[in-house]
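> Protein chains in written order, with my numbering: chain A, 1 to 291; chain B, 1 to 291; chain C, 1 to 291; chain D, 1 to 291.
Some clues are possibly wrong.
As the list makes no split between identical chains, a pair holds if one copy fits it or if it spans any two.
With a Cα cut of at most 25 Å, we get these calculated BS3-like pairs of lysine-lysine [said to hold, decoys possible]:
(1) K193 <-> K233
(2) K144 <-> K41
(3) K139 <-> K233
(4) K139 <-> K239
(5) K41 <-> K21
(6) K81 <-> K130
(7) K239 <-> K193
(8) K239 <-> K21
(9) K193 <-> K251
(10) K233 <-> K41
(11) K21 <-> K81
(12) K251 <-> K41
(13) K144 <-> K251
(14) K239 <-> K81
Just so you know, the hints here were simulated from the structure itself, not pulled from any lab data.
Note that the structure is predicted; figures quoted are calculated from it, not measured.
There are 4 protein chains.
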Amino acid sequence: MDVGFVGLGLMGLPMARNLLKAGHRLRVYNRSRSRAEALEKDGAIAVDTPAEASAGDAVFTMLANDQAAEEVVFGGEGILKGLGQGRAHISMSTITVDLSERLAQAHHEKGQAYVAAPVFGRPEAAAAAKLFIVLAGEKGAIEKLQPLFEAMGQRTFVLGQNPAEANLVKLSGNFLIAAMIECLGETVALVRKHGADPRRFLEIMTETLFAAPVYRTYGALIADQNYEPAGFKLELGLKDVRSVLAAAETKSVPMPVASVVRDHFLSAIARGGANLDWSALAKVAAEDAGL
Amino acid sequence: MDVGFVGLGLMGLPMARNLLKAGHRLRVYNRSRSRAEALEKDGAIAVDTPAEASAGDAVFTMLANDQAAEEVVFGGEGILKGLGQGRAHISMSTITVDLSERLAQAHHEKGQAYVAAPVFGRPEAAAAAKLFIVLAGEKGAIEKLQPLFEAMGQRTFVLGQNPAEANLVKLSGNFLIAAMIECLGETVALVRKHGADPRRFLEIMTETLFAAPVYRTYGALIADQNYEPAGFKLELGLKDVRSVLAAAETKSVPMPVASVVRDHFLSAIARGGANLDWSALAKVAAEDAGL
Amino acid sequence: MDVGFVGLGLMGLPMARNLLKAGHRLRVYNRSRSRAEALEKDGAIAVDTPAEASAGDAVFTMLANDQAAEEVVFGGEGILKGLGQGRAHISMSTITVDLSERLAQAHHEKGQAYVAAPVFGRPEAAAAAKLFIVLAGEKGAIEKLQPLFEAMGQRTFVLGQNPAEANLVKLSGNFLIAAMIECLGETVALVRKHGADPRRFLEIMTETLFAAPVYRTYGALIADQNYEPAGFKLELGLKDVRSVLAAAETKSVPMPVASVVRDHFLSAIARGGANLDWSALAKVAAEDAGL
Amino acid sequence: MDVGFVGLGLMGLPMARNLLKAGHRLRVYNRSRSRAEALEKDGAIAVDTPAEASAGDAVFTMLANDQAAEEVVFGGEGILKGLGQGRAHISMSTITVDLSERLAQAHHEKGQAYVAAPVFGRPEAAAAAKLFIVLAGEKGAIEKLQPLFEAMGQRTFVLGQNPAEANLVKLSGNFLIAAMIECLGETVALVRKHGADPRRFLEIMTETLFAAPVYRTYGALIADQNYEPAGFKLELGLKDVRSVLAAAETKSVPMPVASVVRDHFLSAIARGGANLDWSALAKVAAEDAGL
């Protein structure tokens, strides 16, 4: 297929590369053009605007936050302008439910399809085409694009016609990870202050009740107090929890653990940890216990 | 071996039966004697006091709470009196760190061994000899008893010489489960109020990031709002979180998520849910969101 | 003086009336014009746009929220357009720190003065000219306007040159009230469940340690469970606590009690209480205790 | 009257002295006898046991915690033994609801009266006979003792026949103070990080909405970060909040702000602040904001 890709960061670059490997024709756009040009040797066509990247059958976006996503869509030479009628914008970024709803509305008014397709997985998973992709939007568009999703992920989950639902699921998943980190942090502080070995504690947890990769990964980071370099920056974790709390507030849902996590992200940032990995929530728990 | 077993409840009964199956000689004691007698057809010898149950090489206890454990050990015809010098008391109950320390001290003063051996697993796992057993105490005692642990569990984790550490690990694990239930409850309330399908949401979570049995088990209970009959009663969940908070307080460790969980257990009980399964924490989250 | 007044709600109307009583010439604007015309018999001149209300020496605004304040300032026939160079806009509304900063910047660029002058007091206090007024902004402007503040309030507190500080103080004060309500609600639930008399409890508190009018006022509402009609609507309380949390987040300040209060406002609204008085936070505390 | 006084600490000593000044005959007991002997020059009779101090018409106790109160009552030469039938024990200490209920029961069984009479006020107020005294217990006993209460306090509040209610009111009052400190701490951190003056902020609060002595006293300590020497030690504050949470737990009442306060007391202690004034809760809020 003939598609575009906007946003070639830590996640977007390997994802775009996987589309090229699978034989698709790819126009690529990135704010700092050098990252787009770097993909030319893999066969990509570097373009100058998001609108140009939208000249094919569909355009993918993978951006850091709402602001970046809004700019490439609504900006002067943006996707909304460049995308032909009946073509699809697939938004893979972790954006808010509110923005996703506005994007759906804007594309709908232009007769364009809009699919939300946020992903679970860190950069290594993106490179290995092992992402999990959560999809929601027009059924026809999703079906047609299935081969492209398969080129990037190990599995897709199709939800329904309302794109924002996929964003809600993604944000909720990120909250569950952040909450898990918080809880591991609290227990590790407890275990350490009782003079016990946190590595052994986490080993037992992850070999019995919590035998899931996400517990093992974060358990190891916390046990080793290994918060740099960040796989996922703490300030991005705060952004996602803030987005969850915003989605909850619109429907009057209190989420007290999310509030605790938010407060601790703020403490971590206040103490200089914005660029640490978000597993550094456990550092706050340790410091609050005098460790 | 020639051992005793005190406490034949939902967990203790199948555990004792597994010791009998493995060919050990077993004296059994239970407060309501009928449950002890019921084991006689499997070859057990029903006795009248914890002291009599302690006449062999070792005695196991599996009781509901600190109070019961204190009674069978310190009571008139208790284990402390009946257990010979050099013999071992293996406490498998989920008791507090504080009581475990007092038991260790009391047995030590009598020249008796004391091993803490709390378990992870529900009654089905006990019946199938699939428990995970966390061990701490005198190395010699633990090694000698290894075949008995193997008759009851699928795996043992040996920690070190300080018995209370095993109790701390057990309580921390139970806190992690309770916190997971709380977090699932909050996200499910969020998902439901946005009109999305909680089953589908939980399916995605447990097939991707959180592919651990404990998430699947509780995810299903929460999605189906299936809180009766209780696999583990909510009021026992409160007891365990209270024990975690007590262990944390002795070392000045704040655990704010544990505080949230405690508060919600209290709400659940105040609203009549003491005997529901502890997954009914999710019911509180739903009600707090007006569901 | 010759001034304008924009926003004639429950608070604005009596405040404007007090300016008229003090002999000032007043142009008044309100979105629904009837409320402006009602003031004509007191000598006011009803005008059609915020810009027209800004034709004198200064213009006061007293609006319900950020959105309304933004519209009357930045809108087509808004204050920014109508206010002459060197004249002052005095914003008395409870708005966010962020909007106050943007207003200061916008007026500064036009060579206009901007004073933030939020008030403490309910409608009765506004009618009796008993408001407390917190002032920040250009010293000269504040001094010149002093007689007008005296016509509306019992006392002014001048902070300094940065208008947003006055808004921060106002929001923090509202948080302290909301937190006080929450705490009274928690203790009243405790007292009631122990079978004691909450009225007697609150009487003791407000005649000893907490002999402040705000404790007496809210203590009485809570003891009588008298949440209607609202003196200050619960949903406005949520708005203010949200504004406090936003101001805190920009400086990385965790405020865990504010988070608790926010969560309980959401519960109250989820259960249908948006239009109750914000003292109905105590209703959530009671319900959470099974009352 | 002929009475006894047990416990001559920072509070008890000036209280006993006021009873002497009012012309009562006083037997005094203190664990370290020197403090009792020091009162002999004021006319007191130093005795060797709580039982001896109970030989008159009534005996007052003013002790630091439950443990001390239990010892002087239930101990070998304790009050229970020394107090004659029909005589009264007036417990003025801040003890738990649970202990107060046990004391009531024990005295009742001996045919002795028991009155709970906890006080609000710091040592200066005790010296000036300005305490507020909250009374509950047998009506006859309270009436007979009224002159003694008047010698120690500025006002009494009589609740009813159930002594534990007075303790509940006292503990709830202490929770309200601790929560107020926490909230002031959070807002002061907010104000400081916005570059505003916390003294000015607190001045405005305490001269408007919160014109109560308790706000002024603690506001000044917080604004000046003046946490030593302690008027009331932080670890005693934790004890009282723990007692409130225990009283709440027995009736299934969640008190989330009390949970937050407890967690922050623990952090303060973990960081070495056990002996600071309990207003140092504000130090935790500041540190959590990176100050």
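> Decide, hint by hint, whether the structure agrees.
Checked hints:
Within a single copy, K193 and K233 get their C-alpha atoms only as close as 27 Å, which misses the 25 Å cut-off; across copies the closest is 23 Å, which meets it. For the identical chains of this complex, K144 and K41 are neighbours neither inside a copy (27 Å) nor across copies (66 Å), given an alpha-carbon limit of 25 Å. In this assembly of identical chains, K139 and K233 lie within 25 Å of each other by CA distance neither inside one copy nor across copies; the values are 34 Å within and 44 Å between. With identical chains, the CA atoms of K139 and K239 are never at most 25 Å apart, being 30 Å at best within one copy and 38 Å at best between copies.
In this assembly of identical chains, K41 and K21 lie within 25 Å of each other by CA distance solely inside one copy; the values are 12 Å within and 68 Å between copies. Proximity of K81 and K130 under a CA criterion of 25 Å is satisfied in neither setting, with 32 Å inside one chain copy and 56 Å between copies. Proximity of K239 and K193 under a CA criterion of 25 Å is satisfied inter-copy only: 21 Å between copies versus 31 Å inside one chain copy. Taking the shortest Cα distances, K239 and K21 never come within 25 Å of each other, neither inside one copy (33 Å) nor across copies (50 Å).
In this homomeric assembly, K193 and K251 come within 25 Å of each other (Cα to Cα) only across copies, at 6 Å, whereas the closest approach inside a single copy is 40 Å. Taking CA atoms no more than 25 Å apart as the test, K233 paired with K41 passes in neither setting, with 30 Å inside one copy and 62 Å between copies. Taking CA atoms no more than 25 Å apart as the test, K21 paired with K81 passes in neither setting, with 28 Å inside one copy and 57 Å between copies. For the identical chains of this complex, K251 and K41 are neighbours neither inside a copy (48 Å) nor across copies (44 Å), given an alpha-carbon limit of 25 Å.
In this homomeric assembly, K144 and K251 never come within 25 Å of each other (Cα to Cα): the closest approach is 33 Å inside a single copy and 46 Å across copies. Taking identical chains as interchangeable, the C-alpha atoms of K239 and K81 are never at most 25 Å apart, the minima being 28 Å within one chain and 36 Å between chains.
In terms of the numbered hints stated before, the structure departs from hints 2, 3, 4, 6, 8, 10, 11, 12, 13, 14, listed from lowest to highest.
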